[in-house]
Amino acid sequence: MKSSITLFILIAAVPASAHQPVMDMAPRWAEGYGFQLRQVHFGSDDLMRGSDSIDNPLGIERFVDTTWLEGVYTFDRSLRATIKVPYINQRRLTAINGVGVRQQSSGIGDVVLGLPLKRYKNQGATTQNWAITPSLRIPTGSSSGDFPVSDGSWDVGLSISHSRETPRIYQLYDLYYWNQGSGKRGMQTGNSWGLDINVGLHPWHNNDNNSGLFTLWDISARHDDAPNAQNLTTALGGDRVQTGPILVYYRQNFMARAEIKLMAYERVDGTSTSRGNEFSVSFGLIF
Amino acid sequence: MSTKFIVAALILLCAPVFASDYIVHVHGLVCSFCAHGVTKKVSKLPFIDQSKYTKGVKVEIENQKLTIAVIPGRDLDIPALFEAITSGGYEPVDIWTATATGELGEPVEYKP
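Residue numbers (our numbering), protein chains in the order written: chain A, 1 to 287; chain Z, 1 to 112.
Isolated chain A, as found in the complex (with noise of 0.2 Å):
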């Protein structure tokens, strides 16, 4: 029993963040440690059908708003730890009846725990690592109200990735899945999985001050299946794709990060709303 619940485990998988500098890059030093806060939000008033956008007379729309407080401690580069905690707020204008209800609702969601393991290879002017990491997201969110802020499932995922770094030069490839268990109240979030990548450039860095910029390139692929009660929790079933810019900043122990994320293409199980574009700033600090 114990061995198919460690299986088990191990065969789930995490949202990945791509290209996160304090959660991600940083820190691969022994006994390093990092916070992060994320501040992340889409939603949108465009109904679709499959992939089509059709008429939305009774202005139905979906929005979400997420303050992600996330740490990481470092035990060696080879081996870190994550937690992610969301504080979630989001609203709604839904149809009941053939009548628009408008619901709101906020609170602290699903804690996410993650154990990335690093295999790291310095070579001359390149470093580069594959990382497997094991993921476990706990019902720590309240499920109750028309509007839950979680479905109450204990969920776990994993992903795997490959980055690689020269000093003008970054590539990152993050393929993740996440396993959705039985939630309350009849709610189970679909099962999904991901694709990241990120490509971009390093055009400026003072050697005096450790300053300097990211700008890089984000392609976003997803799948979601269908949830379960719809009409109560905020997942979606489909497919998409989003890309944009990111831009990073850092100096020293500081690192600022901004990203916007359009819809490329987007195809929804029956009839709902977008899940509409993403945009997200974070602020992180490593010691």
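The set of hints was computed from the structure by calculation and includes no laboratory data.
You may find that some hints are simply not true.
[Said to hold, decoys possible] Computed, partial: chain Z to chain A, Cβ under 8 Å:
#1 H36
#2 S43
#3 K44
#4 K52
#5 G88
[What the hints assert, rightly or not] Derived coverage of chain A by chain Z (criterion: at least 3 residues anywhere in the stretch with Cβ under 8 Å from a Cβ of chain Z; other residues may be distant):
#6 85-97
#7 129-135
#8 207-217
#9 266-273
Quick reminder that beta carbons are idealized off the backbone N, C-alpha and C, glycines included.
On the provided structure of chain A, position chain Z as indicated by the hints.
Relative to chain A, chain Z alone:
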């Protein structure tokens, strides 16, 4: 005549300070966060002169070069230095004395 004498005297006075700087080539030292981690680990070593560079350490990511300042009169502990770099996440390759202009001087014999 007196000016030449003063300049010569200054060069001689400065020479021991420059001789206490060393350059380490480090595989993979290519990113800013790399620089911060290595600086953090190396600057804690007791023989590092924190009054120079950034806490006694200068990183040049374009050529994977780590310059350290050693307190005049203190011995350089190469095993401890290499261990600190490894603990910072990278692989030290070789070590050289630094010239007055920060260029490579003479190689320092060390087999990790």
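Hints and how they fare:
Residue-level restraint check for H36(Z) holds (minimum Cβ-Cβ distance to chain A is 6 Å; threshold 8 Å). For S43(Z), the shortest C-beta to C-beta distance to chain A is roughly 12 Å, which exceeds 8 Å, and the interface hint is violated. At its closest, the beta carbon of K44(Z) sits 11 Å from a beta carbon of chain A; the interface hint therefore is violated under the 8 Å criterion. With 8 Å as the threshold, the beta carbon of K52(Z) stays out of range of chain A, its nearest partner Cβ sitting at about 12 Å, so the hint is violated.
For the restraint placing G88(Z) at the interface with chain A, the shortest Cβ-Cβ distance is roughly 5 Å, inside the 8 Å limit, so the hint holds. Coverage of a stretch by a chain is defined here by at least three residues with a beta carbon nearer than 8 Å to that chain's beta carbons; for the segment 85-97 of chain A and chain Z the count is 0, and the condition is violated. Evaluation of the coverage hint for the segment 129-135 of chain A: breached, as 0 residues show C-beta separations to chain Z shorter than 8 Å, against a requirement of three. A stretch counts as covered by a chain when three or more of its residues have a beta carbon under 8 Å from one of that chain; for the segment 207-217 of chain A and chain Z the count is 6, and the coverage holds.
Coverage of the segment 266-273 of chain A by chain Z is violated in this model, with 0 residues showing a Cβ closer than 8 Å to a Cβ of that chain against a need of three.
In terms of the numbered hints stated before, the structure departs from hints 2, 3, 4, 6, 7 and 9, listed from lowest to highest.
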